[in-house]
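Build the full structure now, drawing on both the sequences and the hints.
Per the working numbering, the very first residue in the sequence shown carries number 100; after that it's consecutive.
Treat the hints with caution; some may be incorrect.
To be verified - Here are the simulated distance ranges between beta carbons:
1. Gln227 with Leu131: 19 to 27 angstroms
2. Asp221 with Asp175: 17 to 25 angstroms
3. Ser205 with Trp262: 31 to 39 angstroms
4. Ala116 with Asp175: 38 to 46 angstroms
5. Glu269 with Lys162: 17 to 25 angstroms
6. Pro123 with Ala255: 41 to 49 angstroms
7. Ala116 with Thr249: 32 to 40 angstroms
8. Ala114 with Ala220: 39 to 47 angstroms
9. Phe171 with Ser205: 41 to 49 angstroms
10. Trp262 with Lys201: 48 to 56 angstroms
11. Ser112 with Trp211: 56 to 64 angstroms
12. Ala128 with Phe168: 30 to 38 angstroms
13. Lys162 with Ala255: 23 to 31 angstroms
14. Ala255 with Thr280: 17 to 25 angstroms
Claimed, not checked - Result set (EDC-like, lysine to aspartate or glutamate): computed pairs, CA atoms no more than 20 angstroms apart in a straight line:
15. Lys196 with Glu207
16. Lys162 with Asp260
17. Lys201 with Glu235
18. Lys196 with Glu242
19. Lys170 with Glu207
If you are wondering where the hints come from, they were derived from the structure by calculation, not from laboratory data.
Backbone N, C-alpha and C fix where the C-beta goes; we use that ideal spot for every residue, glycine too.
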Amino acid sequence: MVVIEMNPRVSRSSALASKATGFPIAKIAAKLAVGYTLDELRNDITRETPASFEPAIDYCVVKFPRWAFEKFPEADQTLTTQMKSVGEAMAIGRTFKEALQKAVRSLEQDRWGLVMDPPPADDEALRQKIRIPNAERCFAVAEGYRRGMTTQELFALSAIDPWFLENIREIVEFETVIASTGLRERRHA
100 MVVIEMNPRV
110 SRSSALASKA
120 TGFPIAKIAA
130 KLAVGYTLDE
140 LRNDITRETP
150 ASFEPAIDYC
160 VVKFPRWAFE
170 KFPEADQTLT
180 TQMKSVGEAM
190 AIGRTFKEAL
200 QKAVRSLEQD
210 RWGLVMDPPP
220 ADDEALRQKI
230 RIPNAERCFA
240 VAEGYRRGMT
250 TQELFALSAI
260 DPWFLENIRE
270 IVEFETVIAS
280 TGLRERRHA
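The following block contains the structure:
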């Protein structure tokens with residue numbers, strides 16, 4: 100493991116995590132900075148447990164970066180340790196799949212799912228989108244599943260943890276169920 104960056108501050112991600120959990124991260128960080136320890140601080144939510152107590156969580160939070168490469172077509176779109184996002188969307192769901200899809204919708208890019216518009220014409224171009232970290236990579240992985248690629252193939256190309264790949268595969272697999280079922284009109288009495 101290599102530490103790329105470490106900041107003794109409350110970051111933008113901390114604010115999102117605090118909002119998602121209801122836990123006052125900045126307040127706790129400030130108290131820790133002046134010498135308190137986690138076991139000395141009370142949890143503001145429960146008023147009983149210490150701040151070091153980890154509650155059971157029944158939801159998943161996904162933070163999805165927002166890139167604006169369409170505004171900067173000359174920029175190198177390869178994602179590295181350099182900050183290139185212009186913001187992020189945060190979504191909460193009961194499952195990773197739900198939260199991921201909500202986050203994608205929150206990007207305000209007129210995406211209704213893990214879809215590339217337009218998808219690469221040939222498989223080699225798609226493999227490049229999967230191999231090289233870029234703003235379309237998550238969507239390219241979904242397209243790879245649509246074209247019959249396996250989790251093992253996608254892992255070999257991307258090194259994305261198979262757990263995440265499998266969740267994307269399940270989303271893509273369910274697209275056919277939705278398409279075949281269609282939307283039914285609901286009537287209320």
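Here's how the hints hold up against the structure:
1. Roughly 45 angstroms separates the CB atoms of glutamine 227 and leucine 131, a value that falls outside the hinted 19 to 27 angstroms.
2. With their beta carbons about 23 angstroms apart, aspartate 221 and aspartate 175 fall inside the hinted range of 17 to 25 angstroms.
3. Taking the beta carbon of each, serine 205 and tryptophan 262 are about 22 angstroms apart, not inside 31 to 39 angstroms as hinted.
4. Checked against the hint of 38 to 46 angstroms, the C-beta distance between alanine 116 and aspartate 175 comes to roughly 29 angstroms, which is inconsistent with it.
5. In this structure the hint that glutamate 269 and lysine 162 lie 17 to 25 angstroms apart at CB holds, the actual value being about 20 angstroms.
6. About 43 angstroms separates the C-beta atoms of proline 123 and alanine 255, a value consistent with the hinted range of 41 to 49 angstroms.
7. Distance hint for alanine 116 and threonine 249: a CB-CB separation of about 34 angstroms, consistent with the stated range 32 to 40 angstroms.
8. Distance hint check for alanine 114 and alanine 220: the Cβ-Cβ separation is about 41 angstroms, which falls inside the suggested range of 39 to 47 angstroms.
9. A beta carbon spacing of about 21 angstroms between phenylalanine 171 and serine 205 contradicts the range 41 to 49 angstroms that was offered as a hint.
10. Hint check: tryptophan 262 to lysine 201, Cβ distance near 19 angstroms, so the stated range 48 to 56 angstroms is violated.
11. The hinted range of 56 to 64 angstroms is not satisfied by serine 112 and tryptophan 211, whose Cβ atoms lie roughly 27 angstroms apart.
12. Between alanine 128 and phenylalanine 168 the C-beta distance comes to about 33 angstroms, which sits within the given range of 30 to 38 angstroms.
13. Checked against the hint of 23 to 31 angstroms, the C-beta distance between lysine 162 and alanine 255 comes to roughly 26 angstroms, which is consistent with it.
14. The beta-carbon spacing between alanine 255 and threonine 280, approximately 34 angstroms, falls outside the hinted interval of 17 to 25 angstroms.
15. Between the alpha carbons of lysine 196 and glutamate 207 the distance comes to roughly 18 angstroms, so the proposed pair stays at or under 20 angstroms and holds.
16. Using a Cα cut-off of 20 angstroms, the hinted pair lysine 162 and aspartate 260 holds, with the two alpha carbons roughly 17 angstroms apart.
17. Between lysine 201 and glutamate 235, the direct Cα distance comes to roughly 17 angstroms. Compliance with the 20 angstroms bound is thereby established for this hinted pair.
18. Only pairs whose Cα atoms come within 20 angstroms are accepted, and lysine 196 paired with glutamate 242 is accepted, the gap being roughly 16 angstroms.
19. For a cut-off of 20 angstroms, the pair hint linking lysine 170 to glutamate 207 stands: about 14 angstroms separates their Cα positions.
Violated hints, listed in ascending order, are 1, 3, 4, 9, 10, 11, 14; each of the other numbered hints is respected by the structure.
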